[in-house]
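Same order as they appear, the protein sequences are chains D and R.
In terms of this note's numbering, the first sequence opens at residue 1 and continues consecutively.
In terms of this note's numbering, the second sequence opens at residue 1 and continues consecutively.
If you're looking for bench data, these hints aren't it; they were derived computationally from the structure.
Be aware that one or more of the hints could be misleading.
In silico EDC-like cross-links for lysine to aspartate or glutamate, where the CA-CA straight-line distance does not exceed 20 Å [said to hold, decoys possible]: (1) D:LYS47 x D:GLU76; (2) D:LYS129 x R:GLU121; (3) R:LYS129 x R:ASP145; (4) D:LYS36 x D:GLU59; (5) D:LYS129 x D:GLU171; (6) R:LYS129 x D:GLU121; (7) R:LYS47 x R:GLU57; (8) R:LYS47 x D:GLU28; (9) R:LYS129 x R:GLU76; (10) R:LYS47 x R:GLU31; (11) D:LYS47 x R:GLU141; (12) D:LYS47 x D:GLU31; (13) D:LYS47 x R:GLU57; (14) R:LYS47 x D:GLU141; (15) R:LYS47 x D:ASP33; (16) D:LYS47 x R:ASP33.
Counterexamples of contact, computed for chain R against chain D with all Cβ distances above 10 Å [said to hold, decoys possible]: (17) ARG3; (18) ILE25; (19) ALA65; (20) ARG88; (21) GLY116; (22) ARG130; (23) ARG188.
Restraint ranges, calculated between C-beta atoms of paired labels, are given here [to be verified]: (24) D:LEU132 x R:HIS200: 39 to 47 Å; (25) R:ARG154 x D:ALA43: 24 to 32 Å; (26) D:ARG62 x R:SER120: 45 to 53 Å; (27) R:LYS47 x D:ALA43: 41 to 49 Å; (28) R:ARG128 x D:ARG184: 35 to 43 Å; (29) D:ARG29 x R:ALA146: 25 to 33 Å; (30) D:ASP33 x R:PRO180: 46 to 54 Å; (31) D:ARG130 x R:ASP33: 36 to 44 Å; (32) D:ARG184 x R:PRO180: 40 to 48 Å; (33) D:GLY61 x R:ARG154: 49 to 57 Å.
All C-beta atoms in this analysis are idealised placements derived from N, C-alpha and C, irrespective of residue type, glycine included.
Below are the chains, spelled out letter by letter.
Protein chains: 2
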Amino acid sequence: MLRLYDYLPSGNGYKVRLLLAQRGIPFERVELDITKGETRTPAFLAKNPNGRIPLLEVEPGRFLAESNAILFYLAEGTPFLPDDRWLRAQVLQWMCFEQYSHEPNIATVRFWLHAGELTSERRAAIARKRPLGYAALDVMERHLDARPFFVGDRYSIADIALYAYTHVAGEGGFDLGRYPAVGRWLARVRAEPRHVPITHR
Amino acid sequence: MLRLYDYLPSGNGYKVRLLLAQRGIPFERVELDITKGETRTPAFLAKNPNGRIPLLEVEPGRFLAESNAILFYLAEGTPFLPDDRWLRAQVLQWMCFEQYSHEPNIATVRFWLHAGELTSERRAAIARKRPLGYAALDVMERHLDARPFFVGDRYSIADIALYAYTHVAGEGGFDLGRYPAVGRWLARVRAEPRHVPITHR
Chain D
1 MLRLYDYLPS
11 GNGYKVRLLL
21 AQRGIPFERV
31 ELDITKGETR
41 TPAFLAKNPN
51 GRIPLLEVEP
61 GRFLAESNAI
71 LFYLAEGTPF
81 LPDDRWLRAQ
91 VLQWMCFEQY
101 SHEPNIATVR
111 FWLHAGELTS
121 ERRAAIARKR
131 PLGYAALDVM
141 ERHLDARPFF
151 VGDRYSIADI
161 ALYAYTHVAG
171 EGGFDLGRYP
181 AVGRWLARVR
191 AEPRHVPITH
201 R
Chain R
1 MLRLYDYLPS
11 GNGYKVRLLL
21 AQRGIPFERV
31 ELDITKGETR
41 TPAFLAKNPN
51 GRIPLLEVEP
61 GRFLAESNAI
71 LFYLAEGTPF
81 LPDDRWLRAQ
91 VLQWMCFEQY
101 SHEPNIATVR
111 FWLHAGELTS
121 ERRAAIARKR
131 PLGYAALDVM
141 ERHLDARPFF
151 VGDRYSIADI
161 ALYAYTHVAG
171 EGGFDLGRYP
181 AVGRWLARVR
191 AEPRHVPITH
201 R
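Isolated chain D (complex conformation) (with noise of 0.2 Å):
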């Protein structure tokens, strides 16, 4: 059986116990509380030297690491990953906005009004990802004003990716009443077959 080794608060580790939910595949979670140090201890860095989660188990000693690499290895061959490669190649421009633009600033953000101390430090890093977060969800909002998901007309990881840490944005300050496509895109994502919440274990 697969072994997820997640934190449940994680959107990052949401993204695929999301799809794995959805493609009906059972697994073993196991949870690591990175706000002790469960990532960082000697036994997980000889699973993954990158010390994060989540990180998958396909088969004991056999390890994948990076939200987007699991959910894209879990896709291929499904509906949930387009096979034209011109699309499968706007999935991973997606992912790779996610990874870049979008999860630093918001995730981050959210991650820090819950969990341990708001230093002062923290505070002022908040005040400079701010405005990027609300840039990346302004382009959310460009592209979804027209389109239903974002590649080719249907729901993909590309949605998953971006719907992990967007649909809690709120938790990080972030007013998502600005953006009505987005919030459109939220309850479609929302209503799609075997959906499950952030809180499912």
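With chain D held as given, fit chain R onto it using these hints.
Positioned in the frame of chain D, the structure of chain R alone reads:
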């Protein structure tokens, strides 16, 4: 003919230039100076709403953004990307690592040291990013100690993605002398057929 919107000092642009050169694909290069805001003009934002290079125009009006998505698109079906699903997932894993754990710390420091004013805010950011950049190099060193290339013992777009900013990390003040396995890997990448330097137009 393919058209690449690009900025010569950019390692993200270089990734695409290097793969195109190694595949022997001719392309037209359009230089945009990111330090002068040339990727934030209305004309360019109409092409890429995220306002970044590299941007590949595969045919008139059809655009693909994000360096690693472009690499994947150009490498599919070639020896630069394995056909095997598990190896391909590992290539993506390392490209995600590059964009999340490596590029934001190593490339950004290099850029700030060479473009624009070194404000006190940037100095503070460099101090924060320095240990994160070294942490990424540590992960690479550990992985490369027993392997010639990142995935499956052969050169792939994972190596291209990671070479781009690693080989110029010294320009960001990183001491690559601490990383002998990385140094041997850099030499192997440079020895690949049709290799071109970052300054190659």
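Status of each hint after checking the structure:
| no. | hint | result |
| --- | --- | --- |
| 1 | D:LYS47 x D:GLU76 | violated, 24 Å |
| 2 | D:LYS129 x R:GLU121 | holds, 14 Å |
| 3 | R:LYS129 x R:ASP145 | violated, 24 Å |
| 4 | D:LYS36 x D:GLU59 | violated, 27 Å |
| 5 | D:LYS129 x D:GLU171 | holds, 15 Å |
| 6 | R:LYS129 x D:GLU121 | holds, 14 Å |
| 7 | R:LYS47 x R:GLU57 | holds, 9 Å |
| 8 | R:LYS47 x D:GLU28 | violated, 43 Å |
| 9 | R:LYS129 x R:GLU76 | violated, 33 Å |
| 10 | R:LYS47 x R:GLU31 | holds, 15 Å |
| 11 | D:LYS47 x R:GLU141 | holds, 16 Å |
| 12 | D:LYS47 x D:GLU31 | holds, 15 Å |
| 13 | D:LYS47 x R:GLU57 | violated, 39 Å |
| 14 | R:LYS47 x D:GLU141 | holds, 16 Å |
| 15 | R:LYS47 x D:ASP33 | violated, 42 Å |
| 16 | D:LYS47 x R:ASP33 | violated, 42 Å |
| 17 | ARG3 | holds, 16 Å |
| 18 | ILE25 | holds, 15 Å |
| 19 | ALA65 | violated, 5 Å |
| 20 | ARG88 | violated, 8 Å |
| 21 | GLY116 | holds, 16 Å |
| 22 | ARG130 | holds, 15 Å |
| 23 | ARG188 | holds, 20 Å |
| 24 | D:LEU132 x R:HIS200: 39 to 47 Å | violated, 32 Å |
| 25 | R:ARG154 x D:ALA43: 24 to 32 Å | holds, 31 Å |
| 26 | D:ARG62 x R:SER120: 45 to 53 Å | holds, 47 Å |
| 27 | R:LYS47 x D:ALA43: 41 to 49 Å | holds, 47 Å |
| 28 | R:ARG128 x D:ARG184: 35 to 43 Å | holds, 38 Å |
| 29 | D:ARG29 x R:ALA146: 25 to 33 Å | holds, 31 Å |
| 30 | D:ASP33 x R:PRO180: 46 to 54 Å | violated, 36 Å |
| 31 | D:ARG130 x R:ASP33: 36 to 44 Å | violated, 27 Å |
| 32 | D:ARG184 x R:PRO180: 40 to 48 Å | violated, 54 Å |
| 33 | D:GLY61 x R:ARG154: 49 to 57 Å | violated, 22 Å |
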